[in-house]
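Number of protein chains: 2
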Amino acid sequence: MRIAMAQLNPIVGDIAGNTQNILHAIARAKDQGAGLVIFSELAVIGYPPRDLLLKPVVLEQMAAAVDHISRQCVGITALVGFVEQNTAAVGRTLRNAAAFLRDGAIVAKGYKSLLPTYDVFDETRYFEPAPQLQIVPFENHKIGISICEDLWNDEQVVARQLYPVNPVARMAEAGADMLVNLSASPYVMGKNTFRRKLIAHQAQRWKLPVVYVNQVGANDELIFDGNSMAVDANGRMLAQAKDFQEDIVTFDLPARDTSQELLEPRQGMESLHAALVMGLRDYAEKCGFAKVVLGLSGGIDSAVVAAIAVEALGRESVLGVALPSRYSSEQSLIDARQLAAALAIKLDVIPIEEVHHAMEHTLEGLFKGTQPGLAEENIQARLRGNILMALSNKFGYLLLTTGNKSEIATGYCTLYGDMCGGLAVISDVPKTMVYPLAHEINRQWVKAGRQAPIPESSLKKAPSADLRPNQTDQDSLPPYSVLDAILERYVELEQSAQNIVAAGFDELTVRRVIQMVDSNEYKRKQMPPGLKVTSRAFGFGRRMPIAQRYRPLVIG
Amino acid sequence: MRIAMAQLNPIVGDIAGNTQNILHAIARAKDQGAGLVIFSELAVIGYPPRDLLLKPVVLEQMAAAVDHISRQCVGITALVGFVEQNTAAVGRTLRNAAAFLRDGAIVAKGYKSLLPTYDVFDETRYFEPAPQLQIVPFENHKIGISICEDLWNDEQVVARQLYPVNPVARMAEAGADMLVNLSASPYVMGKNTFRRKLIAHQAQRWKLPVVYVNQVGANDELIFDGNSMAVDANGRMLAQAKDFQEDIVTFDLPARDTSQELLEPRQGMESLHAALVMGLRDYAEKCGFAKVVLGLSGGIDSAVVAAIAVEALGRESVLGVALPSRYSSEQSLIDARQLAAALAIKLDVIPIEEVHHAMEHTLEGLFKGTQPGLAEENIQARLRGNILMALSNKFGYLLLTTGNKSEIATGYCTLYGDMCGGLAVISDVPKTMVYPLAHEINRQWVKAGRQAPIPESSLKKAPSADLRPNQTDQDSLPPYSVLDAILERYVELEQSAQNIVAAGFDELTVRRVIQMVDSNEYKRKQMPPGLKVTSRAFGFGRRMPIAQRYRPLVIG
Chain A
1 MRIAMAQLNP IVGDIAGNTQ NILHAIARAK DQGAGLVIFS ELAVIGYPPR DLLLKPVVLE
61 QMAAAVDHIS RQCVGITALV GFVEQNTAAV GRTLRNAAAF LRDGAIVAKG YKSLLPTYDV
121 FDETRYFEPA PQLQIVPFEN HKIGISICED LWNDEQVVAR QLYPVNPVAR MAEAGADMLV
181 NLSASPYVMG KNTFRRKLIA HQAQRWKLPV VYVNQVGAND ELIFDGNSMA VDANGRMLAQ
241 AKDFQEDIVT FDLPARDTSQ ELLEPRQGME SLHAALVMGL RDYAEKCGFA KVVLGLSGGI
301 DSAVVAAIAV EALGRESVLG VALPSRYSSE QSLIDARQLA AALAIKLDVI PIEEVHHAME
361 HTLEGLFKGT QPGLAEENIQ ARLRGNILMA LSNKFGYLLL TTGNKSEIAT GYCTLYGDMC
421 GGLAVISDVP KTMVYPLAHE INRQWVKAGR QAPIPESSLK KAPSADLRPN QTDQDSLPPY
481 SVLDAILERY VELEQSAQNI VAAGFDELTV RRVIQMVDSN EYKRKQMPPG LKVTSRAFGF
541 GRRMPIAQRY RPLVIG
Chain B
1 MRIAMAQLNP IVGDIAGNTQ NILHAIARAK DQGAGLVIFS ELAVIGYPPR DLLLKPVVLE
61 QMAAAVDHIS RQCVGITALV GFVEQNTAAV GRTLRNAAAF LRDGAIVAKG YKSLLPTYDV
121 FDETRYFEPA PQLQIVPFEN HKIGISICED LWNDEQVVAR QLYPVNPVAR MAEAGADMLV
181 NLSASPYVMG KNTFRRKLIA HQAQRWKLPV VYVNQVGAND ELIFDGNSMA VDANGRMLAQ
241 AKDFQEDIVT FDLPARDTSQ ELLEPRQGME SLHAALVMGL RDYAEKCGFA KVVLGLSGGI
301 DSAVVAAIAV EALGRESVLG VALPSRYSSE QSLIDARQLA AALAIKLDVI PIEEVHHAME
361 HTLEGLFKGT QPGLAEENIQ ARLRGNILMA LSNKFGYLLL TTGNKSEIAT GYCTLYGDMC
421 GGLAVISDVP KTMVYPLAHE INRQWVKAGR QAPIPESSLK KAPSADLRPN QTDQDSLPPY
481 SVLDAILERY VELEQSAQNI VAAGFDELTV RRVIQMVDSN EYKRKQMPPG LKVTSRAFGF
541 GRRMPIAQRY RPLVIG
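Chains as they are written, first to last, in the numbering used here: chain A, 1 to 556; chain B, 1 to 556.
Identical copies go unnamed one by one, so any copy, or any two together, can satisfy a pair.
Under the rule of at most 16 Å between Cα atoms (straight-line distance), these lysine to aspartate or glutamate pairs were calculated in the EDC-like manner:
| # | residue 1 | residue 2 |
| --- | --- | --- |
| 1 | Lys460 | Asp473 |
| 2 | Lys394 | Glu376 |
| 3 | Lys207 | Asp177 |
| 4 | Lys55 | Glu492 |
| 5 | Lys55 | Glu494 |
| 6 | Lys368 | Asp348 |
| 7 | Lys207 | Asp154 |
| 8 | Lys55 | Asp518 |
| 9 | Lys394 | Glu364 |
| 10 | Lys525 | Asp51 |
| 11 | Lys55 | Asp119 |
| 12 | Lys197 | Asp154 |
It is worth saying that the hints were derived from the structure and are not from the lab.
Keep in mind it's a predicted model, so treat the numbers as computed, not measured.
Isolated chain A (complex conformation):
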C-alpha cells in the first residue's frame, strides 16, 4: 500500500481555498501512485478556527466541502480533518473529526478523544470527545485513527496524564495494526525532537507503524512547523516531510527501501529563524498585506526583524524608517543606514524634532513645574508610532513591532508607541536569544555569499531606547543575562519569588522583576499578536487578570 502524507498550509476559515488546495494534493498523491492520502487536523478549515466554529454557516460550508472533496476521490481515498456537528441530544455541539472519503461518500469517520484545553488550546470550548474509538479496515490494514493530542497521553512519556484514557493503547489493544495521527501541533523550540521520540516510542511500544501528518504554516500567534513523518513498527523512519513548508511525501507499507537517508530537521537558532520567517510571511499574506514597514532604531531588535522581513517577503516589500530625535545618538542613524544598505531596503529618515517640539509646547502649561520623566519619554515613542501608522494607513504597509520578550515582560516599552503594529515578530524571543539569532542570520547571509546584514555595532553596543540623553536599558533593568534567567523562571516555569531567590538570585532584583511583570499585564493585553516560539508566550496562551492584586505574601 502506498500512502501520501499531505502537509498543507491552510488559511483559517478559507474553506473554499483550502478545499482547492486539498483537491490539488489529492491529484498529486494519485499521480504518485498513492491509494491513501492523509491530511492534517481540521485541514478543511485550518487550525485553530476559534470562534468561527460558532457560526452555523461555517459548519454548513464545511459539510459541503467534505462532500465536494469526497466526490473527487476516485481511485484514491483521502483521510481529511474537519469539524462536524455533534448529533447527540446532549453535550457540546461539535466534534473534531476525520473522515475517509472515497467515491462521493464518507466511508468511515473517527473523532478526537483528548481535547487539549491549556496554554493556547481551547478545544473543550467547542468539542465533545469521541464517543468511541475508530479502527477502520483499509486494504489489508486495520487503521486506528487518532487526532493530535490523542497520541500524547502516554504515562511512559508525559510527567502527568491529563486524561484518564490513552486512545492509542486502546486501539492497539483492540487490534489496530497501524496508527494514523492527524495533527496541528504548534512549533516550540525543541518540540520536534520530542515529537520524533514520542512517535518512535508509540511505534515500538505498540509494535505498529505510525503515520503522523502535521499542519504547516503560521496562523496568528501559532507557527506550525510541519515535520510530518511515518515510522515502521520498529520506530524506524519511513518518510519525512520538510519543515516550515508545504510538502507531499509518499511511502510504501511495508517499506520497499529502508536504506533512505534521514532528513535532519533544523534545530536551535536555525529552526527559530525559519519559524519566524514563515510566521511573518504567513501573517502578512493571510492578512492580505504585500509589504511591511518598521522603525529602524539602529538597535539589534529592529535589525533582526528587518532581516527576517526581507527573508520572508523580499527586499522590495520592506520599508525601514529611522525616526531620530534630539536624543538619538549619531551611531543609531549610522547603524540603521548600514543595515538598510546591507539588506538593500529603502530607508526613510523622518526626524521627529518638529512634532516633538510642538507636543512639548502644547503640553507646556499643563506640565509646568513637573520633572521630566516617563511621560516625556513616552511622548516621543508615541509620535514615532503615529508616524509609522500614518505610513501604514496611507500606503498599505503592515507595521511590524520589534520588541523582544524581555522588554514586553517588564513593560520596558511604550503602549501606543513602539508597541504599535500588526505583528510582534520577536515578542517571544528573550533579549539574550536575540543575539544568537542575529549571529545566525549573519552566518546564513555570509554563507549565501552576501554581506552580513546586522551591523557589528548593533551587536556590540549597549542597548538603549534613545529617549533621554545617554540612556541605556541597564539604567532601568537588571543585566539581560540576569533578567532573562529570572523571567524564564517566573513566566515560563511559574516559580515563586521564594523559589527564584532560593536558586541564588538577588532578592531585591527578583522582587523588582516580578513587580514589573505583574504590573504590566495591561500593556500586554493591548499588544498585537506575537509569534509563539517558547512553551509559554505572552498572548492567547497566557491569560492573566489585569485588575488583580496577587502578592507573593503568606497570609495569616
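On the provided structure of chain A, position chain B as indicated by the hints.
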C-alpha cells in the same frame, strides 16, 4: 437554623485581603445569630482568577487562607469557595471547591461538577469535575452543595443540555433536603430575571429550599451583580441581597416571617447604568487608580462615560479634556463645556492644531501627491491619544475610552487614537442603547435635584468624529438603527448574511457591515478590556482569528 448569605466583592488574587473581608463577614454573621454563613464561588481568590491558578504558590496561599479562616470559625460554620489541588494521579491538577469550615477544620467539602467552557468561561482549562456529589449533614438538614453552573443544566430550562448529568437532580434524588449554590454569575442585561425564575423552578421541581450566593463587583471585563437570594421549597423568596453592592443577609429556615416585602432588582437601563458605574469604579480601584481622564468630544458617548465616571469616583476624580482641531465644530466645544459644568468636573482645553500642523509638515514630503483620507484622519485621533496618555503618565490618571459597541464592531474608531485607554466603559453598549442610557442618567440626576448633565445638543445632533469638514458618522456607516439591528444578528446571534438578508435587510448593507466587522478583528485584539453587559461582548468571550479568510460563500 439561621443562615447568612455573604455577598462580597473580592479582588482577584488578593488572598490576604479577601480573607480579611471573609473574616469580617463571618463575625457579622455571627453577631446576627447565624449558625452558617455562605460565601460565593472561589471567594478566597475572587472570580475569575485565570492563570494565577497556574502558580503553585497561589495554591499554597489559598490552602493557608482556608486553614486560617477555619480557625476563626468558632460558634459558626462557614461555607467558603476556593481552589484545591486535585489529589488524583491523573487529570487536570485543580478542583473548584467549597468547604464547610469550623473550629479549625474542614468539616466537609464539595466540588463543582459542571465546568463552563464557553463565552468568557475557561474552567476546563484548570479544573477536574467533582468525583462525586456531596450531601453534607448540617444541623437537621442534608445540604446538597453545588457551584454556579451545577444549577443550570436542567432540561426543563435550557435549550440544550451541555452536560450529561444534572447534579441538582442527582442530589435531590439522593435525599438532599436543601440546596446551596455558590456562584460567580456575571451580569448580562436581563439575566437576573432569568436567574430568579431558574432558582424558583429548581426549588419547586425538587421541593427543597435553595440558597444562592453570588459574587458582587467587577473584575476586568466581568461585572458581577450580586442579587443573591434564598427561596423556600415552594420557590417563595425568603431573603434577597442587594444588587451591585456588598451585602450580608440572614434568614431563618424554616422561615419565621414570609410576609416580607420583595426587593425589586433594577431592570433595563437602570440596571445597565448601575452595572457600568460599578464596573468603572472597581476597575479603577482594583488597578490602583484614584482618578480618571477622558477626552470630551461634545458627543453623546463621551458625555455618558464622563457622567458614569463622576458617579463612580466623584467629580473631583474626573478630568475632562477637550482637544479641538481645525475640523471641530464650535458646537462640539460648547457641548463639552456644558457637560463639564453640569458634572462640575475640571475641563482642560488643549487644541491640537500646533501638533497637527507639525505632523503634516513632517509627513509632507512622503505624502506628496496623495489624496487626504483615513491616514490624515487617524493622525488627529492619534495625536489626541498621545496627549491624553501624556496626562495619564504624568499625573497618574486612568484613561477611559469612550467608544460604543457599534463603532468597535465596524472599526469606526482609530487604533492608538480614540481606542487608547485602560478601560472601554461602553464598548458593549450599542449606539442605539447609548441614547436611552443617557436619558436614564439625566433622569436620575434630575430626580436627585441636580441639573441633567448630558446636554440636549449632544442627545440631538448627528454623531460625528470631527476629523474632516462637516463629517458625520452616517457618511461611513448605515443609520445606527439599521446598523445595530444587523450587528445584533451577526455578532450576538451568529446569523449568516443570508439569514439576515432573509429577515428583510438590504443585502449590500448587510455585506458591507459584515465585511467591516470581519476586517477589524485586529483592532479589537488591541482594545482595552471593555465592560461586558450583553450575551456576547467583544473581548475575552469572543475569540476570533485575525489572519483568516472566512467568506460567506458556498463552495463547490
